[in-house]
Amino acid sequence: MLPPAESEARNEWETLKRNERAENKILEILIEKMIGLEDVKQHFLRIMAKINTAKRQGVDLKYERFDLVILGNSGVGKSTVAVAYAWFLVTLGMVAMPQGKPIDIDCSKMVALDSVKAVATQIEEAKTAGGGVFVVDNVHLLTQDSNMVTAGVGVQVLDTIISNLGAGDETGKVVFILAGERSVLDGHPTLSTKIPSKMIIEDYKDWELLEMLKFCINTTYKEKMEVEGNAYTGDDDLYLRIAIRRISRTRGSKNFNNAHAIDTLFERIRERQGERLNKMKRQGLEPNDFWLSKEDIIGPNPAEAIQLSDAWTKLQGFIGLESVKQNVRSLIDMIETNYRRELQEKPPLEVSLNRVFLGSPGTGKTSVAKLYGRILADLGMLSNGDVVVKNPADFMGDYLGQSENKAKGILNSAIGKVLVIDEAYMLYPGYNGQTVTDADIYKVAVVDTLVAEVQSTPGEDRCVLLLGYEEEMRRMFQNVNPGLARRFAIEEAFQFEDFTDAELRQILDKKLSEQHLHATDAAKAVASEVLSRAKMRPNFGNGGEVENMISQAKVRYQQRISKVPPAQRPEDVIFEPVDFDPNFARGATAALNCRTLFADVVGCEEIIAKLEGYQQIAANAKAAGIELHELIPTNFLFKGPPGTGKTMTARKMGEVYYQMGFLSSARVKECSSTDLIGQALGQTGPKTQKLVESARGQVLFIDEAYRLAEGEYAKEALNELVDILTKPDYLGKIVVILAGYDADINRLLSINSGLGSRFPEEIRFSNMTPDHCVQVLLKDLESKKVKADFLRDGSCAPYREICGLLKILGGLPGWGNARDVKTLAKTMVGVVYRNPKAGAVPTLQPDEAVECVRKLLSEREARRNVVA
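The numbering used here puts the first residue of the sequence shown at 1, with every later residue one more than the last.
Calculated directly from the structure, the hints in this document are not laboratory data.
Misleading hints may appear alongside valid ones.
As the list claims (entries may be wrong) - Computed spacing ranges between beta-carbons, pair by pair: (1) S753 with Q558: 52 to 58 Å; (2) I29 with T193: 39 to 45 Å; (3) L517 with P582: 17 to 23 Å.
Unchecked claim - Only pairs whose alpha carbons sit at most 20 Å apart, straight line, appear in this in silico DMTMM-like list of lysine to aspartate or glutamate: (4) K669 with D703; (5) K524 with D572; (6) K222 with E202; (7) K727 with D498; (8) K294 with D236; (9) K214 with D333; (10) K224 with E267; (11) K224 with D236; (12) K314 with D509; (13) K807 with D793; (14) K511 with E453; (15) K554 with E514; (16) K406 with E453; (17) K787 with D771; (18) K785 with D703; (19) K314 with E304; (20) K25 with D60; (21) K510 with E529; (22) K294 with D386; (23) K205 with E38; (24) K554 with E529; (25) K826 with E762; (26) K224 with E271; (27) K727 with E712; (28) K822 with D789; (29) K33 with E14; (30) K281 with E295; (31) K646 with E762; (32) K346 with E271; (33) K370 with D386; (34) K646 with E630; (35) K646 with D703; (36) K314 with D333; (37) K50 with E6.
A virtual CB, placed ideally from N, CA and C, is assigned to each residue, including glycine.
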């Protein structure tokens, strides 16, 4: 950080003054008063030498061009140098300035087409007045994507300026000095040929920044302020050097603000000093107002500051989140290590504040983000520590270029703060498998802007957090600008795990306490059961789910307590089990409910016995604290011909598994295999994932499953399904049933070797016996108020004849069992109600019934003959 032994510009200027008695007040101030800027000073000396030489040679400089482009990053003094150059030309007699000062054109203030006319008018007025010098500041805004450029203002203004370069006539000369970022030449390739003279101002070196900081301290306090130094070495500049090194770590990036960073640093030093002095005065001490301590200059010792951080204490009190707390602790340890290295003037270990937060909703990502920002501010890593929460829609523009500007605006407003981008995966056009469209260029533009603006360099006074679901976030990182992965190390992401049942119980207790609510132990047990079920659903809300459950319990409590006479109502709100779940006792009557559920099903004793066995296992497993999915099958193969009750059984299994506490809902999602299969390459996987995810916590019944063996896309769906069912997110949280004919299901098993192990449980559905068919027929007739008592007498001739006919029908191809029986019942009901003498009690006559069955048999045999 040591300055150079001497300045060549100063030496040359001293030589000119000594040998040639040179004088120039602008050059004198520039060389003697301004820190650094060695190349600028040399440029001024070259201009003076050129002019003096021309004068000695008798060369007319009337039409000599002195237009100049000054380029450099923010805070290098471009505007100051531009104004100095303007006055420098005046003192050398190269241009007149009848206006008494340079004519300022600030491109950042041009917002309408009127600006083009205004600039042209100013130029013409200067010519008429006898000349002038135009200082065009922020000229890069005329070439960058912005509202001004989109509206055509930037291009027209720049063209107007370029057309007047070198303008000189009998009325006077006009000189243009353009100042802006280096990108201006890239944005307008012909500009460098129109203005061949350019000056590049490099970023300030550390020793120059140190001198600026000292200058700020000495001039502000009239050299009265003392600075704490190293007590062991007597080095008074140690802590100032550390402060300078911190801000200089971003040198080379667009975020390095040079002198502006010194202004910000100096203000922060004064703020810390003011806080320290006020605290000491409140303690009754008499501190020295003209003393800058080590903590004022470089902030507190992290090891001490963290102990005083309320945010850190609050984070420790959060339920669960152990891995997150450890990650924050590791970051704090790294900051402490770097603090010690800085005191030894060793380079700190690189650490970025930007992070990726991965987790489900309600796991505390936003809450932790707020504390994370406050902790960083307490440790002196951020100048503010406030949290700004945005979502991808906030970055989206309506036209090309607006998304970049919005993104830059949001990032600039977050300097010193934590910027949280929630659901960040939505910046990836294909995050949910949809087709990428032209509109998605705006999302791409936002990601590219993040990559360009967020450098993730040490010392960057801003923290950006990307929040979202893990799978979607990882997919985004794999498919967008690869620079995003370098800015945000997803492998070092903070993992927000779903809360365990025990943690959800703690959250419940905490929220009840905070709201001055009470609940019996039995009610809390039921609440835990409700939450355990809810965890199976897609997008389980975790902590938010607890709050929603309490809100629903309040409503039910109020409805229940409203039925109690006012005088008997308790003063405190005490929840009972029924408030959390009106049907909380379903488990106690599960076995009874199972038989009730299948009361209308004929010939299902074997299935009922199997399900009752599962219910008994579930009851014993709960008592022993064993996970249900370890003992009870969740994936089934339903084999059998049509109409044998596969779909109906699946629907009833949803209720049975829900009553056992296995699923979060009794609903059954019914679909066919085609609902899993995409129409183009790459669509099947996401489509299958989306379907299975939508059925989590329910029964997924896939009928006609044999189609999963037909075609490459179908096999891809089958492979995806097999893979999904092994993932922890679905284990024990969904019941999947594949249904079809025996031979088709067997063929499906032979295609995918992993399918058999994923679906070890089979339930076979056989053709209905004639007697079972008659029972179904009778139930359906009676449901339509049709009397057919002869169908109850198995010994009567019509009954036996109908059974014989049904036996023949059952042997024909395509017999639909219960489906065809219901069709037959519909025909018989029609026969009865077409009779004008049906009467008050419509009755089906035996001969009518027999004739209907014969007719159906005749139709089916004729159909078989045609097919043959």
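How the hints compare with the structure:
1. In this structure, S753 and Q558 meet the distance hint of 52 to 58 Å, their C-beta atoms being roughly 57 Å apart.
2. I29 and T193 have their C-beta atoms about 33 Å apart, which leaves the hinted 39 to 45 Å range violated.
3. Between L517 and P582 the Cβ separation comes to about 18 Å, which falls inside the hinted range of 17 to 23 Å.
4. The suggested pairing of K669 with D703 holds, with an alpha-carbon distance near 11 Å, which does not exceed 20 Å.
5. The suggested pairing of K524 with D572 holds, with an alpha-carbon distance near 16 Å, which does not exceed 20 Å.
6. Among the hinted pairs, K222 with E202 is inconsistent with the structure: their alpha-carbon atoms are about 30 Å apart, more than 20 Å.
7. Under the criterion of a C-alpha separation no larger than 20 Å, the hint pairing K727 with D498 is consistent with the structure, at around 15 Å.
8. Restraint check for K294 and D236: satisfied, since their Cα atoms lie roughly 10 Å apart, inside the 20 Å limit.
9. With a CA separation close to 31 Å, the supplied pair K214 and D333 exceeds the 20 Å bound.
10. Taking the CA atoms of K224 and E267, the gap is about 17 Å. The hint holds against a cut of 20 Å.
11. The suggested pairing of K224 with D236 holds, with an alpha-carbon distance near 15 Å, which does not exceed 20 Å.
12. Of the pairs offered as hints, the one joining K314 and D509 holds, with about 18 Å between alpha carbons and a cut-off of 20 Å not exceeded.
13. Between K807 and D793 the CA atoms are separated by roughly 18 Å; this keeps the pair inside 20 Å, and the hint holds.
14. Under the criterion of a C-alpha separation no larger than 20 Å, the hint pairing K511 with E453 is inconsistent with the structure, at around 41 Å.
15. Using a Cα cut-off of 20 Å, the hinted pair K554 and E514 holds, with the two alpha carbons roughly 15 Å apart.
16. Annotation: proposed proximity of K406 to E453 holds, straight-line Cα distance about 12 Å (limit 20 Å).
17. Using a Cα cut-off of 20 Å, the hinted pair K787 and D771 holds, with the two alpha carbons roughly 18 Å apart.
18. Only pairs whose Cα atoms come within 20 Å are accepted, and K785 paired with D703 is rejected, the gap being roughly 33 Å.
19. The hinted pair formed by K314 and E304 meets the criterion: a straight-line CA distance of about 17 Å does not exceed 20 Å.
20. Only pairs whose Cα atoms come within 20 Å are accepted, and K25 paired with D60 is rejected, the gap being roughly 24 Å.
21. With a CA separation close to 17 Å, the supplied pair K510 and E529 stays within the 20 Å bound.
22. With a C-alpha separation of about 25 Å, the suggested pairing of K294 with D386 is violated against the 20 Å cut-off.
23. A threshold of 20 Å between alpha carbons decides the hint, and for K205 with E38 the separation of about 11 Å falls inside it, so the pair holds.
24. Distance check on the hinted pair: K554 and E529 sit about 18 Å apart at the alpha-carbon level, within 20 Å; holds.
25. Between K826 and E762 the alpha-carbon distance is near 33 Å, which puts this suggested pair outside the 20 Å criterion.
26. Taking the CA atoms of K224 and E271, the gap is about 18 Å. The hint holds against a cut of 20 Å.
27. Between K727 and E712 the CA atoms are separated by roughly 23 Å; this puts the pair beyond 20 Å, and the hint is violated.
28. The straight-line distance between the Cα atoms of K822 and D789 is roughly 18 Å, inside the 20 Å bound, and the hint therefore holds.
29. Straight-line distance between C-alpha atoms of K33 and E14 comes to about 14 Å, which keeps the hinted pair within the 20 Å bound.
30. Between K281 and E295, the direct Cα distance comes to roughly 17 Å. Compliance with the 20 Å bound is thereby established for this hinted pair.
31. Proposed proximity of K646 and E762 is supported: the alpha carbons are some 12 Å apart, at most 20 Å.
32. Pair hint K346 plus E271 does not hold up; C-alpha atoms about 27 Å apart against a cutoff of 20 Å.
33. A hinted pair counts as satisfied when its Cα atoms are at most 20 Å apart, and K370 with D386 qualifies at roughly 7 Å.
34. The hinted pair formed by K646 and E630 fails the criterion: a straight-line CA distance of about 25 Å is larger than 20 Å.
35. At most 20 Å may separate the alpha-carbon atoms for a hinted pair to count; K646 and D703 meet this at roughly 9 Å.
36. Simply put, K314 and D333 have alpha-carbon atoms about 18 Å apart, close enough for the 20 Å limit, and the pair holds.
37. For the hint pairing K50 with E6, the CA-to-CA distance comes to about 24 Å; that exceeds 20 Å, so the pair is violated.
Of the numbered hints stated above, those contradicted by the structure are hints 2, 6, 9, 14, 18, 20, 22, 25, 27, 32, 34, 37, listed in ascending order.
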